[in-house]
Amino acid sequence: MQIQLEHVYKRYPGNDQDSVTDFNLDMADNEFVVFVGPSGCGKSTTLRMIAGLEDITKGDLKMDGKVMNKVHPKDRNIAMVFQNYALYPQMTVFDNMAFGLKIRKMAKPEIKKRVDEAAEILGLTDYLQRKPGALSGGQRQRVALGRAIVRDASLFLLDEPLSNLDAKLRVQMRTEIAQLHQRLGTNMIYVTHDQVEAMTMADRIVIMNDGKIQQVGTPDELYNKPVNKFVAGFMGSPSMNFFEARLHDGIVSNGKGLTVAVPEGWLKTLVAQGYNDKELVVGIRPEDIHTEEVALEAMQDAVVNARVEVSEFLGTDSMLYSKTGETEFVAQVNARDYHKPGENVQMAFEMSKAHFFDKDTEAVITA
Amino acid sequence: MKKFLTLLVGLLLGLLWIFPFYLILTNSFKTPKGIFASVLGLPHPATGANYQDSFKALDFMRSLGNSLIITVVGVILIIIFSSMAAFALQRNKSKLSGGILMLFVSAMLIPFQTVMIPLTANFGRVHMLNMWGLIIMYLGFQSSLSIFLYQGTIASIPVSMDESAELEGANKFQTFFKIIFPMLTPITTTVGILNIIAIWNDYLLPSLVLPQHQYTIPLQMFFFFGQYTKQWHLALAGLALSILPVIIFYAFAQRYIIKGVTDGAVK
Numbered sequence: 001m002q003i004q005l006e007h008v009y010k011r012y013p014g015n016d017q018d019s020v021t022d023f024n025l026d027m028a029d030n031e032f033v034v035f036v037g038p039s040g041c042g043k044s045t046t047l048r049m050i051a052g053l054e055d056i057t058k059g060d061l062k063m064d065g066k067v068m069n070k071v072h073p074k075d076r077n078i079a080m081v082f083q084n085y086a087l088y089p090q091m092t093v094f095d096n097m098a099f100g101l102k103i104r105k106m107a108k109p110e111i112k113k114r115v116d117e118a119a120e121i122l123g124l125t126d127y128l129q130r131k132p133g134a135l136s137g138g139q140r141q142r143v144a145l146g147r148a149i150v151r152d153a154s155l156f157l158l159d160e161p162l163s164n165l166d167a168k169l170r171v172q173m174r175t176e177i178a179q180l181h182q183r184l185g186t187n188m189i190y191v192t193h194d195q196v197e198a199m200t201m202a203d204r205i206v207i208m209n210d211g212k213i214q215q216v217g218t219p220d221e222l223y224n225k226p227v228n229k230f231v232a233g234f235m236g237s238p239s240m241n242f243f244e245a246r247l248h249d250g251i252v253s254n255g256k257g258l259t260v261a262v263p264e265g266w267l268k269t270l271v272a273q274g275y276n277d278k279e280l281v282v283g284i285r286p287e288d289i290h291t292e293e294v295a296l297e298a299m300q301d302a303v304v305n306a307r308v309e310v311s312e313f314l315g316t317d318s319m320l321y322s323k324t325g326e327t328e329f330v331a332q333v334n335a336r337d338y339h340k341p342g343e344n345v346q347m348a349f350e351m352s353k354a355h356f357f358d359k360d361t362e363a364v365i366t367a
Numbered sequence: 001m002k003k004f005l006t007l008l009v010g011l012l013l014g015l016l017w018i019f020p021f022y023l024i025l026t027n028s029f030k031t032p033k034g035i036f037a038s039v040l041g042l043p044h045p046a047t048g049a050n051y052q053d054s055f056k057a058l059d060f061m062r063s064l065g066n067s068l069i070i071t072v073v074g075v076i077l078i079i080i081f082s083s084m085a086a087f088a089l090q091r092n093k094s095k096l097s098g099g100i101l102m103l104f105v106s107a108m109l110i111p112f113q114t115v116m117i118p119l120t121a122n123f124g125r126v127h128m129l130n131m132w133g134l135i136i137m138y139l140g141f142q143s144s145l146s147i148f149l150y151q152g153t154i155a156s157i158p159v160s161m162d163e164s165a166e167l168e169g170a171n172k173f174q175t176f177f178k179i180i181f182p183m184l185t186p187i188t189t190t191v192g193i194l195n196i197i198a199i200w201n202d203y204l205l206p207s208l209v210l211p212q213h214q215y216t217i218p219l220q221m222f223f224f225f226g227q228y229t230k231q232w233h234l235a236l237a238g239l240a241l242s243i244l245p246v247i248i249f250y251a252f253a254q255r256y257i258i259k260g261v262t263d264g265a266v267k
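Read top to bottom, the protein sequences are chains A and B.
Just so you know, we're using the working numbering here: the first sequence kicks off at 1 and counts up by one.
Just so you know, we're using the working numbering here: the second sequence kicks off at 1 and counts up by one.
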């Protein structure tokens, strides 16, 4: 199914601001789209408008070209998985999954067939006669998914479905949902505030802030070509380091101890766009700051002397929360280059991978 | 020591509660003379004749039937209407529904005695001074508390339950009766018990409304208390008879009553 949102707005009665502003999205058949953003950015509201649980204030929602704004939720052929699963506690797992089909007066043998199939896919066959209260968090999550699967809906909406699970289970369910999408081949829209979930599962990510879409793109595009400071800072963990700095004589310095040279290619672009001798925002990801000998030699004009304040050993990597002069930043280095807090370490900024943003608009500066 | 004290206090309280029942039961088997000879003693000689006479005088089966119809029909209607009303008022977040809810709650503060005369007068005008009129009155008087109790519980049920059912194709009634109402069982038990007690035991309102052939058990009991004579031996046998249905009800519903109370506590 193709889904289009055209200039969609949402304003709640009594509010003088839009909760969702000019939302535009073209969703291809079988696509897995993730809406991501901080709490209150309008992602759940948008999802609920697609489901029909909220009215659309302005704009159109189209499914296969047909305007759906006024179509009742039950007639949109949409299945939704809620954050708290919304399982009916008085019904068994079987009845929970069969509820929608019974309401739609489907024949009993067909209901049984569908529920059994879904239970098989989700590994719930042995639990069909249990009530939700007697299930673990992960199993409840699966029942909620099962309820969506049996409906054979053409669009799945998932509203932060993993946020009530523990970390390990979350990773496991993430893979299961991704596999499920491949297996079923239905459109899915998944809402989360967790950028890792977004990155790992999505075909495309819609990143939102303050009710507005910031960027739409593949995980790779969002990570490597963010259009503004917000996107750059939101995607990636730990987040990108930002420095407000002034560009002069081929170097950027923030007057608080950070001074690094800008590679030639970037310098040309920045100068051409009039940023010479002006303030701008430099962004560099933690993994683009190095401590290896090779890197220090190769990037001699972008080496800083830093003092490690806090260090986290993560097995394959180490996070070094460091300070040079008054400037704080995080470096993600190989675990072999672990440094204790208090050590003075030389670090090289790989400026060819840096991002530059306009200080006022916070938009990325591109060639 | 503490355990012993608890036991002692419990025992004393138990005795206090049982004492009236002891009085009713023992005296109901005594002759009128026997009662005046010794109120506290055991019946000597014991006679079952009081029960036979009382059963006849009370027209027990008919008044039991009247009591049952009024209580059962009344409580069922109260449960259905007040739970639905509470659902509508809780889920609809408009100012109007807030106002209506406040109206119900504040109605609880109005003493019954202030409205009973105009109420019976008006019901008389529309020829509803009978058990069906009485049931409608109960529906009005008892809804306030019931809606209030239901509303609190419904507020604790996530709206996503309704929304999920709606997306699955259920209409509002299906959502309510198939999803929400079953989740209200603990509070329904509470509402049911409170209303059964109130309606079963009520004397004043039925005495104003019911014609004699529709008298309930409490009204019939008054038969033994004339202006000049009080037939204690029959009255006590009648009381014992009237307690019987309540005890039978409790024996059957005990499991649910206790479950209702504890479920409410855990949540």
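Just so you know, the hints here were simulated from the structure itself, not pulled from any lab data.
Glycine included, every Cβ here is placed at the ideal spot set by N, Cα and C.
Mixed in with the good hints there might be a few duds.
Pairs of lysine-lysine, DSS-like flavour, derived with a Cα cap of 25 Å [said to hold, decoys possible]:
1) B/LYS230 to A/LYS131
2) A/LYS278 to A/LYS268
3) B/LYS230 to A/LYS105
4) A/LYS102 to B/LYS178
5) A/LYS353 to A/LYS256
6) A/LYS278 to A/LYS359
7) A/LYS102 to B/LYS172
Some chain B residues well away from chain A (every beta-carbon gap over 10 Å; in silico) [said to hold, decoys possible]:
8) HIS44
9) PRO45
10) THR47
11) LEU64
12) GLY98
13) LEU167
14) ALA170
15) ILE179
16) PRO182
17) ILE196
18) PHE223
Here's a subset of chain A near chain B, in silico, CB distances under 8 Å, partners left out [unchecked claim]:
19) ALA28
20) VAL71
21) LYS74
22) PRO89
23) PHE94
24) PHE99
25) ARG104
26) MET106
27) ALA107
28) ILE111
29) TYR127
30) LEU128
31) GLN129
32) GLY133
Hints and how they fare:
1. B/LYS230 to A/LYS131: This hinted pair is violated, its Cα atoms lying about 58 Å apart.
2. A/LYS278 to A/LYS268: holds (14 Å)
3. B/LYS230 to A/LYS105: Not OK: B/LYS230 and A/LYS105 at ~65 Å, beyond 25 Å, violated.
4. A/LYS102 to B/LYS178: holds (11 Å)
5. A/LYS353 to A/LYS256: holds (22 Å)
6. A/LYS278 to A/LYS359: holds (9 Å)
7. A/LYS102 to B/LYS172: holds (16 Å)
8. HIS44: holds (55 Å)
9. PRO45: Non-interface label on B/PRO45 holds, nearest chain A Cβ at 56 Å vs cutoff 10 Å.
10. THR47: Holds: least Cβ distance 52 Å, greater than 10 Å.
11. LEU64: Non-interface label on B/LEU64 holds, nearest chain A Cβ at 34 Å vs cutoff 10 Å.
12. GLY98: holds (14 Å)
13. LEU167: violated (5 Å)
14. ALA170: Incorrect as stated: the minimum Cβ-Cβ distance to chain A is 5 Å, not above 10 Å.
15. ILE179: Per Cβ check, B/ILE179 is inside 10 Å of chain A; nearest 6 Å; violated.
16. PRO182: violated (4 Å)
17. ILE196: holds (23 Å)
18. PHE223: The claim holds: B/PHE223 sits with its nearest Cβ about 46 Å from chain A, beyond 10 Å.
19. ALA28: violated (23 Å)
20. VAL71: Constraint on A/VAL71 not satisfied, violated at 12 Å.
21. LYS74: A/LYS74 check passes; min Cβ-Cβ to chain B is 4 Å, inside 8 Å.
22. PRO89: With a minimum Cβ separation of about 6 Å from chain B (threshold 8 Å), the hint on A/PRO89 holds.
23. PHE94: Violated. Min distance 15 Å.
24. PHE99: holds (6 Å)
25. ARG104: holds (5 Å)
26. MET106: violated (10 Å)
27. ALA107: violated (16 Å)
28. ILE111: With a minimum Cβ separation of about 13 Å from chain B (threshold 8 Å), the hint on A/ILE111 is violated.
29. TYR127: At 19 Å from the nearest chain B Cβ, A/TYR127 fails the 8 Å test, so the hint is violated.
30. LEU128: It is violated, given that the least Cβ distance between A/LEU128 and chain B is near 18 Å, above 8 Å.
31. GLN129: Violated, about 17 Å.
32. GLY133: Result: violated, 12 Å to nearest chain B Cβ.
Hint check: violations occur at hints 1, 3, 13, 14, 15, 16, 19, 20, 23, 26, 27, 28, 29, 30, 31, 32; the rest are consistent with the structure.
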